[in-house]
Amino acid sequence: MSHVPTPTQTYDLSFARWVYGHVDGGDRLALCMQCGTCSGSCPLGPQMDFGPRKLFMMIRAGLKDQVLGSNTIWNCVSCYNCVVRCPRQVPVKHILQSLATVAVREGYPGARETDNARFAKAFWWSAAKYGRTDERLVTAKFYFSYGLSKGYRKSMANLAIAKGMVKARRMHLGLPHKCKNAGELKLILARAAEIEARHGDAS
Amino acid sequence: MSERKTGVYLCSGCGIGEAVPMAALEGVARTEYKLEPKTHACLCGDEGVEMIRADIAAGVNQVVVAACSARVMTDRFAFEPVLTLRADLREKVIWSHPAGDEDTAALAEDSLRMALAAAPKVKFPEPWIEGDYSQRIAVLGGGVTGLNAAREAAALGHDVLLIERSDRLGGRARDASLRLPHRPPYDKPEANHIEDLVAAVTAEPRIVVRLGATVTRTGGMPGKFAVTLSDGSVEDVGAIVIATGWRPYDAGKLGHLGYGVPGVVTNVQFEAMLKAGAPKAASGKPVKSVAFVQCAGSRDPEHLPYCSSTCCATSLKQALELLQADPAANCYVLYEELRTPGVAEELYRAAQRAGVIFIKGKVKGVDADLTVHVADALVQQDVPLKGLDMVVLATGMVPNSTDPDAAPVEYGADLLKGDVDPEAAIKVAGFCGEAPAAPERRAQAVPPGGPLLNLQYRQGPHLPVLHDGFADSHYICFPYETRRTGIYTCGPVRRPMDWAEAEEDAQGAVLKAVQAVRAAAAGSALHPRVGDLSFPKIGLNQCTKCRRCTVECPFGAIDEDEKEYPQVNPTRCRRCGTCMGACPVRTISFDNYSVEYLTTQIKAVKIPDEFSGKPRILVIACENDAVPALDQAGIKRNSWSAHVRVLPVRCLGSVSLLCISDALSVGYDGVMLMGCKPGDDYQCHFVKGSAMAAERLSKVGETLKSMMLEPERVVQVDASIADADRLPGVIDGFVEQIMGIGFNPFKGF
Chain D
513 MSHVPTPTQT
523 YDLSFARWVY
533 GHVDGGDRLA
543 LCMQCGTCSG
553 SCPLGPQMDF
563 GPRKLFMMIR
573 AGLKDQVLGS
583 NTIWNCVSCY
593 NCVVRCPRQV
603 PVKHILQSLA
613 TVAVREGYPG
623 ARETDNARFA
633 KAFWWSAAKY
643 GRTDERLVTA
653 KFYFSYGLSK
663 GYRKSMANLA
673 IAKGMVKARR
683 MHLGLPHKCK
693 NAGELKLILA
703 RAAEIEARHG
713 DAS
Chain L
7 MSERKTGVYL
17 CSGCGIGEAV
27 PMAALEGVAR
37 TEYKLEPKTH
47 ACLCGDEGVE
57 MIRADIAAGV
67 NQVVVAACSA
77 RVMTDRFAFE
87 PVLTLRADLR
97 EKVIWSHPAG
107 DEDTAALAED
117 SLRMALAAAP
127 KVKFPEPWIE
137 GDYSQRIAVL
147 GGGVTGLNAA
157 REAAALGHDV
167 LLIERSDRLG
177 GRARDASLRL
187 PHRPPYDKPE
197 ANHIEDLVAA
207 VTAEPRIVVR
217 LGATVTRTGG
227 MPGKFAVTLS
237 DGSVEDVGAI
247 VIATGWRPYD
257 AGKLGHLGYG
267 VPGVVTNVQF
277 EAMLKAGAPK
287 AASGKPVKSV
297 AFVQCAGSRD
307 PEHLPYCSST
317 CCATSLKQAL
327 ELLQADPAAN
337 CYVLYEELRT
347 PGVAEELYRA
357 AQRAGVIFIK
367 GKVKGVDADL
377 TVHVADALVQ
387 QDVPLKGLDM
397 VVLATGMVPN
407 STDPDAAPVE
417 YGADLLKGDV
427 DPEAAIKVAG
437 FCGEAPAAPE
447 RRAQAVPPGG
457 PLLNLQYRQG
467 PHLPVLHDGF
477 ADSHYICFPY
487 ETRRTGIYTC
497 GPVRRPMDWA
507 EAEEDAQGAV
517 LKAVQAVRAA
527 AAGSALHPRV
537 GDLSFPKIGL
547 NQCTKCRRCT
557 VECPFGAIDE
567 DEKEYPQVNP
577 TRCRRCGTCM
587 GACPVRTISF
597 DNYSVEYLTT
607 QIKAVKIPDE
617 FSGKPRILVI
627 ACENDAVPAL
637 DQAGIKRNSW
647 SAHVRVLPVR
657 CLGSVSLLCI
667 SDALSVGYDG
677 VMLMGCKPGD
687 DYQCHFVKGS
697 AMAAERLSKV
707 GETLKSMMLE
717 PERVVQVDAS
727 IADADRLPGV
737 IDGFVEQIMG
747 IGFNPFKGF
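Quick mapping for you: the protein sequence lines, in order, are chains D and L. Residue 513 is where the first sequence starts when you use our numbering, and the numbers rise one by one after that. Residue 7 is where the second sequence starts when you use our numbering, and the numbers rise one by one after that.
A few of these clues could be false.
DMTMM-like mimics (lysine to aspartate or glutamate), calculated; alpha carbons at most 25 Å apart, straight line [unchecked claim]:
1) L:K392 x D:D524
2) L:K366 x D:D524
3) L:K392 x D:D577
4) L:K368 x D:D524
5) L:K294 x D:D524
6) L:K370 x D:D524
Per label pair, the in silico range of CB-to-CB distance [what the hints assert, rightly or not]:
7) L:I641 x D:V589: 54 to 60 Å
8) D:E625 x L:S289: 43 to 49 Å
9) L:P191 x D:P517: 30 to 36 Å
Hints were generated in silico from the structure; no laboratory data involved. Every residue, glycine too, gets a C-beta built ideally from N, C-alpha and C.
Let the hints inform the model, and build the full structure from the sequences given.
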């Protein structure tokens, strides 16, 4: 992925143009007419620093740090309300997730500290390693990313749920399940990373 | 006219025969009016119509048809030149009142009485046709609108006189680079082919072009206008189309938006730069970064209060032109509300796609280094926009309803001294129920300059203005009209619009002008009384030179001669009868309409005595909206009090106060004037008629008090064409109010 430009003043369009060209779905972002249907439709709106509508205008205004440091991009739960309702067919969800990836790469603190970022990291670790998500490993990794004592407290708080899941045969106690041919999965993921890097540079 | 022989025809079809006793109706004609009626079960059918035709052949020279509303079956009951009077037994009688009821029967009888009583007072009108009529159409202004108007008029077979103030045709389009899209998919600026249009007009033999000419005076009337040009020549024309276009708002007044700072230009100046090639910044380098400031001096009470509707699309077009030349350029459009009417939305999408940045917010100021400060409403913070090479102020359009080079004329001051001010705000007169507040008078400001046509009319040299220099008209029903018959406006002088709209507008106005010259030559009225051949006749031996008719005529149709007597210009007249309603000595009448015609009908109604417990209420209803709404109410079987008698009139303006005092003196318990909405947002089809009625009515209260009558007995209500469901309630409310006051003490005198 190419270098992400940092604007020097408001409405310096370098960052906006980079987003239009490099972010998944960014090519339609120029058509956003700021109607706010996305923000109004978002079930997570109240938890966000600001809604997608304002985020998109801040991209145009070149407020790069505020955009990539916001929790908006991490709070998307992919419900697709915004994508379905957008009158200009802007793939809001794709853009938010793609911006989250950019935020991770650019090392924005929000990318490490929000709950969603931690969970996404744990989820990806399990999926990439085993080709499957294992509830115990994902939750453990997620909880203990807050540190030992906090992780212990979070685990204990959810013990009753875990017991219930085991009893209902929704969680097993043996070794984690793996997909067949984990080696091939690794190759696939490596290839995907290669394509992603190339995609970013080419556009 | 030889001896009057009136045939009376009753229709018992459509349920009339079942709902009211036909024998009683026949009796009314036979015993009260000594006329032998003929009843038919389907009068509008071939058999019924043939029966009437046979009678006409046998000598009947006036026909009274008592059947459905006068608004339907007009072609079936047209026996020109025999005059047909209509008595409504259907819509406003049996469809809106219970069948078999004695009150419904009384209503039907009174409806017939009104028509029979009025019949001797009217005759088929003889049109005013005198001397030569010009079929030539003058077009003022040689820009896009004027060129299209001239070409259109020529294509319709009329000679055209095209008058252009400057020394070249083409107008502002000559200074424009590309034009706004007008063809699908409407998403890119299109080539400006003004030269082709100029060439086509120049090559048309029917069009005579007079360059460098202005109009110094205009006299006469439709079909007979005499237009004097600045070189002294006098041209005869039948109608005038004003296509003088627009001038940009004076940017000198926009210092608060940085006008005066080098690099701050108007959209008109920027357009010229685009036409000349790549716009250059103050530094001499091509422009890379531009901010367009929308609504610069528009929608602002300090400047132009209205939206010019094309500046947004123009900025989009200019931004697209700039981006086409240099895709890396930065274009910002600073707007409060971006308005892209109609297909211009496609241009907005195209501009977004091309990367134009739209910033919603108020511009707070522009620094000397072209930094624009915006209160950005979308990111919710004040934002400085730095690094701009140019700021374009999107200024609005001011109508060229005056000639900027001509000296202004004192309008109104001494011309109307001592008269009723026809432009005064209208008070809201008596009202049934909640009365709306009187509308505030809006700015009537005319742009600087002298009158375009210098009309030799008693009411002054200007075209009357509604506000901000735009010509007054009933712009919903008659968009191109002005209050000077035969003179039409089109293009941006009528309302702000773009090139494509102006083309269509020119066609519309020319069609009206063609109608005007042809109607004038036939002695016929124009809208809304199209085809009416009557015209006002003034009995000068009774005239007291009070000048109310000359002042109150909404269309300036009546001038004053050397002896100060009123002088009607018949082809200017629209036959509303406002003069008739104004005349204190009732000496103005039409062949088929007069004060006597109305009062006779009022007096023809049988007034029951107070011991019957039945009131009589007179509803004087305007034929344009109120009567159709009542008809519609009947069609929908909405019902209202059967104690009401409806008297249709051409316009409430034609109602003389005598009609009201006559009604009260013969024993009506209340009078309701039902007409179009007056005021600044008027709906009156004759512009000032209902306002004049309200004005007159505001003075009737004192008279009523002197007669020991309650002023609440007379009210005026607004009715629109869509009021079929509302009006029955309004009428019933008034009847209830009158019953509360009690019976008219003049009953039986």
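These are the hints, each one checked on the structure:
no.: 1; hint: L:K392 x D:D524; in the structure: holds, 9 Å
no.: 2; hint: L:K366 x D:D524; in the structure: holds, 17 Å
no.: 3; hint: L:K392 x D:D577; in the structure: holds, 19 Å
no.: 4; hint: L:K368 x D:D524; in the structure: holds, 19 Å
no.: 5; hint: L:K294 x D:D524; in the structure: holds, 13 Å
no.: 6; hint: L:K370 x D:D524; in the structure: holds, 20 Å
no.: 7; hint: L:I641 x D:V589: 54 to 60 Å; in the structure: holds, 57 Å
no.: 8; hint: D:E625 x L:S289: 43 to 49 Å; in the structure: holds, 47 Å
no.: 9; hint: L:P191 x D:P517: 30 to 36 Å; in the structure: holds, 34 Å
Consistency with the previously given hints is maintained throughout, with no hint failing.
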